[in-house]
Amino acid sequence: MLDVNANESELLKQLVEQVEGAVYASILSNDGLPIATYVKEVSELNPEASAAELTNMVNHGLVAVENFGQIGSFQEIMLISKRMIHLARLVTPRIFLILSITSDGNLGMARLLQRKLASILKERPLFSES
Amino acid sequence: MFREDMSIKELLRTIVENVDGAVAAGIIGMDGISLGDYNTIENFDTTAADAEFAHMIRHARKALKFMSSVPDDVEEIILSTDQAVIITRVINKDFYTSIALRADGNIGMARLLQKKLAEIVNKKLS
Chain A
1 MLDVNANESE LLKQLVEQVE GAVYASILSN DGLPIATYVK EVSELNPEAS AAELTNMVNH
61 GLVAVENFGQ IGSFQEIMLI SKRMIHLARL VTPRIFLILS ITSDGNLGMA RLLQRKLASI
121 LKERPLFSES
Chain R
131 MFREDMSIKE LLRTIVENVD GAVAAGIIGM DGISLGDYNT IENFDTTAAD AEFAHMIRHA
191 RKALKFMSSV PDDVEEIILS TDQAVIITRV INKDFYTSIA LRADGNIGMA RLLQKKLAEI
251 VNKKLS
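Chains A and R, in that order, are what the protein sequence lines are.
Following the numbering used here, the numbering of the first sequence begins with 1 at its first residue and continues without gaps.
Following the numbering used here, the numbering of the second sequence begins with 131 at its first residue and continues without gaps.
The set of hints was computed from the structure by calculation and includes no laboratory data.
Hints should not be assumed to be uniformly reliable.
Pair by pair, the computed Cβ-Cβ distance ranges are [said to hold, decoys possible]:
#1 R:133 x A:128: 49 to 59 Å
#2 A:4 x R:255: 49 to 59 Å
#3 A:63 x R:254: 27 to 37 Å
#4 R:133 x A:109: 44 to 54 Å
#5 A:30 x R:133: 42 to 52 Å
#6 A:116 x R:239: 23 to 33 Å
#7 R:136 x A:9: 51 to 61 Å
#8 A:93 x R:192: 22 to 32 Å
#9 R:163 x A:82: 20 to 30 Å
#10 R:132 x A:109: 23 to 33 Å
#11 R:201 x A:63: 22 to 32 Å
#12 R:249 x A:126: 45 to 55 Å
#13 R:234 x A:104: 22 to 32 Å
From the three backbone atoms N, C-alpha and C, an ideal C-beta is built for every residue, glycine too.
Given these sequences and hints, build the entire structure.
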């Protein structure tokens, strides 16, 4: 379903096109800077603002996990609103993968393919030292 | 399962006992102060995390305004680690509910029951 030989931008496009309701995907560093992004033309999202705000969400999630203690290491955070579902998954401690879908989109498929893409990216030399 | 005459503690115990893998649940104010909780793990202190989740919900409300030109509002925040899943659902502008599950817990059932719980608690609090 995802071509392991494709470049990062192409993989994001494949991810968005294979998940019903998906409109936006991005690989971000933990300072909010995008490494690669794909936005479906019909999307109402502002990609730059989404990148910055979802980075903040991930950073809050990391703090919450630390404050909880005894619950393992952070993997994923989902922000579910009336209109959208934003999924952020860590690829490495400094890199994470965002996928945004409409609230009636396929959340199960979104999580499945996002997890697969994160494991593909994790193996790449580009991210190995991040 | 849930009854409107149940106390908050009973409601929270009911959800924890009816979701596979659930270990704790709570009702928390957006100021981070707990209204009630039910916990099956000894010494599992959620005080700091309650406050952090309240902060995250407040932040998410603001973030959505920047992320899209279309008005929107937060319903849930779900945080997963390699050992646990924590699902928070907004009850109203002042309160949210959270449930903590083991990583292999039933997230779908937790979300379904949590939505019903939030509706009942919202009636109690309004």
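Need the list of violated hint numbers for this structure, in ascending order. 4
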